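Could you build all of it, start to finish, from the sequences and the hints given here?
Protein chains: 2
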Amino acid sequence: MTTTVNVATPGGHYPIHIGTGRLDHLHESVPADVTAIALVTNPTVGDLYAKRAIAALQKSGKTVITITLPDGETYKDWQTLNLIFDGLLQNRLDRKCLLVALGGGVIGDMVGFAASAYMRGVRFLQVPTTVLSQVDSSVGGKTAINHPLGKNMIGAFYQPIAVEIDIDVLHTLPEREISAGLAEVIKYGLIIDAAFFDWCEANVAALRALDPDAIRYAIQRSCELKAYVVGQDERESGLRAILNFGHTFGHAIEAGMGYGEWLHGEAVGCGMVQAGALSAATTGLDADSVKRIHDLVQAIGCPVVPPNLGTERWVELMQVDKKTEGGHLRFVLLPKIGQAVVQGAPLNVVRDVLHKTAVPVL
Amino acid sequence: MTTTVNVATPGGHYPIHIGTGRLDHLHESVPADVTAIALVTNPTVGDLYAKRAIAALQKSGKTVITITLPDGETYKDWQTLNLIFDGLLQNRLDRKCLLVALGGGVIGDMVGFAASAYMRGVRFLQVPTTVLSQVDSSVGGKTAINHPLGKNMIGAFYQPIAVEIDIDVLHTLPEREISAGLAEVIKYGLIIDAAFFDWCEANVAALRALDPDAIRYAIQRSCELKAYVVGQDERESGLRAILNFGHTFGHAIEAGMGYGEWLHGEAVGCGMVQAGALSAATTGLDADSVKRIHDLVQAIGCPVVPPNLGTERWVELMQVDKKTEGGHLRFVLLPKIGQAVVQGAPLNVVRDVLHKTAVPVL
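Note that the protein sequences, when read in sequence, are chains G and V. Be aware that the first sequence starts at 1, since it is given in our numbering, and climbs by one per residue. Be aware that the second sequence starts at 363, since it is given in our numbering, and climbs by one per residue.
Derived by calculation from the structure, the hints in this document are not laboratory data. Accuracy of the hints is not assured; some may be wrong.
To be verified - Derived EDC-like pairs (lysine to aspartate or glutamate); straight-line CA-CA distance at most 20 angstroms:
no. : chain 1 : residue 1 : chain 2 : residue 2
1   : G       : 96        : V       : 595
2   : G       : 336       : G       : 193
3   : V       : 653       : V       : 560
4   : G       : 96        : G       : 33
5   : V       : 698       : V       : 560
6   : V       : 458       : G       : 233
Unchecked claim - If you want the ones that stay clear, here's a sample from chain G, every Cβ over 12 angstroms from chain V, calculated:
no. : residue
7   : 17
8   : 23
9   : 51
10  : 199
11  : 294
12  : 310
Stated by the list, open to error - Stretches of chain G that chain V covers, calculated by requiring three or more beta carbons in the stretch to come under 8 angstroms of a beta carbon on chain V:
no. : stretch
13  : 88-97
14  : 118-124
As the structure is a prediction and not an experimental result, all values here were calculated from the model. In this text, a Cβ means the ideal position worked out from N, Cα and C, and glycines have one as well.
Written out as structure tokens, the structure is:
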């Protein structure tokens with residue numbers, strides 16, 4: 001069974017196909033006027049799925065070249081991005097080529113940014129292979145690489161021509177990756193759909209076991225909710241900022257620990273617990289909801305105790321966040337589950353929350 | 363006297379102010395909600411004009427930081443681009459900052475690309491200081507850096523919020539730079555406005571002497587003509603390609619000689635002479651027009667004899683051009699002066715023209 005979510009933004013309209021066996025149908029998303037295809041992947045995903053992906057893409061009748069990037073968030077930098085440009089230029093791919101991103105969020109972000117910049121813009125197809133990238137980085141057109149001074153600081157808003165989500169491939173993921181991805185799933189419930197948060201609580205075991213019906217629905221609903229938000233606000237001037245719930249804390253964890261130590265979704269999961277505590281102190285989130293957030297993040301298998309970076313280092317790291325305006329710290333906060341606001345928080349309250357969440361007192 | 367040309371494209375509307383003393387009025391182009399300003403320049407231009415530019419920008423009441431990049435086309439690469447990101451992040455400039463490009467085409471291209479990619483897009487103001495950048499890179503939103511395998515291969519279509527053209531600054535340019543810039547000026551006559559080409563022929567001495575009325579009109583008319591073409595076709599899918607008249611040959615000269623040996627405008631000037639000869643052989647351009655192109659390129663002080671790269675190396679270098687589709691060489695050609703078409707040319711005819719223009723037989 002394949003479900004389709006249609007994404008409409010000012011920058012592009014495209015379908016997300018979600019189902020089993022999509023990997024063998026990639027040619028269905030290759031436009032007729034494409035001159036050549038570059039499949040970009042990493043050794044881990046490539047060993048498992050590149051052969052099938054290439055066979056499917058070749059059914060379009062186009063030449064397919066493969067570019068393999070080193071695996072991991074630590075390689076989400078310019079040097080690695082340049083390997084894509086090297087491969088495209090060495091093989092003389094022109095501006096009517098198609099890039100295909102086969103991998104997780106790192107591959108998707110890098111291939112998307114490369115597609116936006118190669119010859120000032122070529123088309124790309126997303127084939128996300130992790131829970132996180134399937135629910136998150138495949139919708140919204142955010143592409144980027146990291147800079148030593150901040151995560152995702154260099155990038156573009158750039159939409160794929162289509163997203164192909166094969167839920168079968170999740171079975172080869174480490175359990176930790178699944179937990180990290182589910183953190184972003186429950187985020188959608190928290191910020192915009194209380195009923196979906198309830199559903200996640202009720203189905204946490206099925207989700208962790210990758211039950212096909214549960215996981216397809218979770219991905220579909222997450223994509224729908226994100227598409228709704230992004231459709232209202234492609235350039236992140238207003239509503240879209242709520243998608244960063246848990247991310248101000250999460251980005252600080254990633255930068256403070258060194259990119260790659262914590263998975264992005266793990267950092268966001270823990271960051272949501274912290275943002276829940278900050279919401280209690282600022283927007284009046286009730287204690288029961290704070291506990292429900294903590295418990296569900298824990299139930300999906302993510303860490304709930306932040307690393308001890310030192311309070312001042314925490315604040316410094318959060319100030320690099322892209323939401324910061326004029327040095328003023330801004331957060332996505334919840335008045336209640338299913339409703340989010342973006343606002344500043346007094347520094348002493350933030351410090352207090354950092355202390356409180358640093359040990360498991362919740 | 364200040365003239366304004368308004369540019370309207372799907373990606374943005376902005377004014378180009380052309381006149382004397384504009385450098386002291388930069389604050390007039392700073393939006394009220396800007397949080398901080400980064401002036402990006404090189405040591406050559408910076409020594410002459412940074413102080414005045416900073417003083418003008420500070421009249422807006424904003425903090426101004428300065429980022430100085432090494433000077434020259436050879437530095438139009440990722441390493442140098444990264445100096446901009448380093449400076450912006452070290453100074454914690456947020457997504458409401460304004461980048462100001464004070465310099466020639468290299469500075470404009472790099473700052474524009476940096477603005478498109480920093481935090482996925484911040485605003486920038488163009489202050490072009492060469493004839494070439496005033497007539498060319500300040501209109502159309504093309505930004506890019508070079509790759510060892512090709513010029514301008516990595517970039518974005520990204521529009522400035524305004525362009526401030528101070529014609530006074532041209533007086534400190536080397537004569538060679540003026541000649542190179544005038545090559546792009548006469549290009550507009552050749553591809554779209556025969557009367558403007560006649561005017562350039564009649565005013566070549568005044569243009570080379572930087573007569574204020576002549577140079578302001580030449581810049582204004584070039585900007586108007588380019589704005590017209592770009593307004594029709596922002597993403598270079600059709601009409602806009604005619605702006606590349608002389609560029610397929612020109613880019614090969616620049617890549618073959620090593621970036622920075624020939625000035626871009628010099629390579630384009632010589633490339634227009636070659637494209638004129640190729641037009642005679644393919645689109646029926648008459649011999650008198652071929653001679654007029656040759657003579658005016660020579661009269662503005664640009665080289666008219668291409669470097670001897672070897673015919674096969676020439677063809678190889680031209681195949682990397684972004685206009686290439688499926689390995690097929692495409693050129694901008696003139697049926698007559700003031701009218702341009704984009705079409706393929708048989709390889710033997712191209713080889714023949716390469717031989718014919720390699721010695722001064724015209």
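Structure-based check of each hint:
For the hint pairing residue 96 of chain G with residue 595 of chain V, the CA-to-CA distance comes to about 17 angstroms; that is within 20 angstroms, so the pair holds. A threshold of 20 angstroms between alpha carbons decides the hint, and for residue 336 of chain G with residue 193 of chain G the separation of about 11 angstroms falls inside it, so the pair holds. The suggested pairing of residue 653 of chain V with residue 560 of chain V holds, with an alpha-carbon distance near 14 angstroms, which does not exceed 20 angstroms. Between residue 96 of chain G and residue 33 of chain G the alpha-carbon distance is near 7 angstroms, which keeps this suggested pair within the 20 angstroms criterion.
For the given pair, residue 698 of chain V sits about 13 angstroms from residue 560 of chain V by alpha-carbon distance, which is consistent with the 20 angstroms threshold. Among the hinted pairs, residue 458 of chain V with residue 233 of chain G is consistent with the structure: their alpha-carbon atoms are about 17 angstroms apart, no more than 20 angstroms. Look at residue 17 of chain G: its CB is around 26 angstroms from the nearest CB on chain V, clear of 12 angstroms, so calling it non-interface holds up. With a closest Cβ-Cβ approach of about 28 angstroms to chain V, residue 23 of chain G is found to remain outside the 12 angstroms limit, as its non-interface label requires.
Chain V leaves residue 51 of chain G outside its interface by the beta-carbon criterion, the shortest separation being 26 angstroms against a cut-off of 12 angstroms. Residue 199 of chain G, annotated as away from the interface, keeps every beta carbon of chain V farther than 12 angstroms; the closest lies near 32 angstroms. The beta carbon of residue 294 of chain G is kept farther than 12 angstroms from every beta carbon of chain V, the shortest such distance being approximately 31 angstroms. For residue 310 of chain G, the non-interface assignment is confirmed: its Cβ lies about 19 angstroms from the closest Cβ of chain V, beyond the 12 angstroms cut-off.
With 6 residues bearing a CB less than 8 angstroms from a CB of chain V, the stretch 88-97 of chain G meets the requirement of three and the coverage assertion stands. Coverage of the stretch 118-124 of chain G by chain V holds in this model, with 4 residues showing a Cβ closer than 8 angstroms to a Cβ of that chain against a need of three.
Checked against the numbered hints given earlier, the structure satisfies every one of them.
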